[in-house]
Structures are given as C-alpha cells and as structure tokens.
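Just so you know, we're using our numbering here: the sequence shown kicks off at 31 and counts up by one.
These are computed hints drawn from the structure, not numbers from a lab.
Be aware that one or more of the hints could be misleading.
Stated by the list, open to error - Cross-link-like lysine-lysine pairs, in silico, BS3-like; alpha carbons within 25 Å at most: (1) Lys160 with Lys278; (2) Lys267 with Lys159; (3) Lys171 with Lys272; (4) Lys104 with Lys70; (5) Lys172 with Lys272; (6) Lys267 with Lys278; (7) Lys96 with Lys59; (8) Lys160 with Lys171; (9) Lys261 with Lys247; (10) Lys267 with Lys171; (11) Lys64 with Lys96; (12) Lys267 with Lys187; (13) Lys159 with Lys278; (14) Lys62 with Lys104; (15) Lys267 with Lys160; (16) Lys159 with Lys272; (17) Lys96 with Lys62.
No experiment lies behind these values; they were computed from the predicted model shown.
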Amino acid sequence: MNLKIPKNNAIQILRQRITELSDYNFNSKAWKDKTENDLKEIFPIGSTQWLQISTIQFDTFITSDKHRVLLEGKDTGQRLLNSYIDFIENYSEIAEQKQLITESNYQDKYNKLLSEWNTLVPQWNDLLKKNQATLVESEAKKQQIENLNTEIVQIKKNTVQFDNISVGEVLKAIKNLPFVQLFGVVGFLLAIIVGSFKLGLMFQENSMNSTNYQMNKQNDTNQELIIQKDKQIDELKTENSKFKQREKNDTISTK
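Build the full structure now, drawing on both the sequences and the hints.
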C-alpha cells in the first residue's frame, strides 16, 4: 500500500485528530467529517479506514446514555487513529527494509556485471588485435600471390614453346639472347656468307642446334620456375585459408 502523502505528514494529521477528541468544545459531526476527509487523502483509493470512522456513534436518543456513548465514541476514534498510525509506521519500516534489500540486490548484480565487464573487455581487445594482425597478414599473402601470378605470366610470355616453333619465333629468341651470344651468332652468319654453301648449311645446322639447345635449356629452367611458383602459390593459398578459418573461429568465439 502506497500512501498518498508523506508518512510524517500523515502521522502528524492523525495525531492532531486524536488531540481534538479531548477538546472542551468537541463537535462530533465536524470531527468525523474532517477525519474521514483526512483518511481519504492519506490512504489510497479503495481503503476502508474512513468507513470505520463513519460508523462511530457519539450520540444517542437515550438521555441517560448520552455521556457514555460519547466517551465510547471518543475511545473508539482514538483507538482507530492510533491503529492507523501504527500501521503507517510499520508499513513504512517494512517498505524501507524492502527498499534496502532491493538496493542491495541491485548493488550485488551491478558488482557482478562490472566484474564480468572488466574481465571481458581485455579479452575483447586481445581478439581485436589478433583479428587485425590476421587481416594484415592475410592481405600480405594475397599481395604475394598476386606478385607470383604476375611473375609466372611474364615467365610464360618469355618462354619458347617448341611444339609450335617457327622461324619468326627463332629469330625472336635470337634477338632476346644476351649480347655475347648474339655476337657469336652474327659471326657465324658472316662465315656462312663468306664460306661455301655447304659450309653455310653445316654452320646453319650447327647454329640451329646450338640455338635449340639453349632455348631448350632456358625453357626447362623456366618450366622449373613455373612449377616452383605454382607450388608457392598453393602453399600461400593454403596458409591464407587457414588464416581465414582462424579469423572466422575467433569471430564465432567472440560472439
């Protein structure tokens, strides 16, 4: 039950009505009306205290019983008002105890939540740092894979495929030879022009064999590089997948 006015004010009003019962010029009707209105203002709607006061009899038609009825009415009114005061004091004390218990419970819950918060925040910060490091490392691996892919494309572009070799490709290969090798080829070509047709044919055959050998050797080297690069790319992709899986696990554990 919640009082409509503060406890101290309610008790003061009720004690004032008890004092008025002892007044020399006591007016029972005025006292009852005033007390009923006070009780309606003190207690919430639906309370019956004011009805109890309204049933008090202070007068009777029997002349000899008038004084007795008046005294009994005053005594009843005083007892009822004192019971209301006791009720208000006890109720207020219980309400204060409940409030203290409630505040204590909330304080305990707050302390528990605060402790959990202080524990979770550092863990969350660590997860954020690990996640950031994983992202940086993952980006580095992606960039490394892209660089390797670019390098492989360049190697394949510069590699002579002997299954579809042509004169133009041979000339292109000769053009891409280092300066020393290119000088030797030019010398051989001059010898072919100066020498006989047979020697020229032999020289041309030898030169072509030498060129084919060099290109085969270079092609083998390039093929080995391609295999190595492909292997490195596979390894990087595997590591990248592991990083992504670990990042996903960290995210799930955080949730």
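Checklist entry - Which earlier hints turn out false for this structure, listed by number in ascending order? => result none
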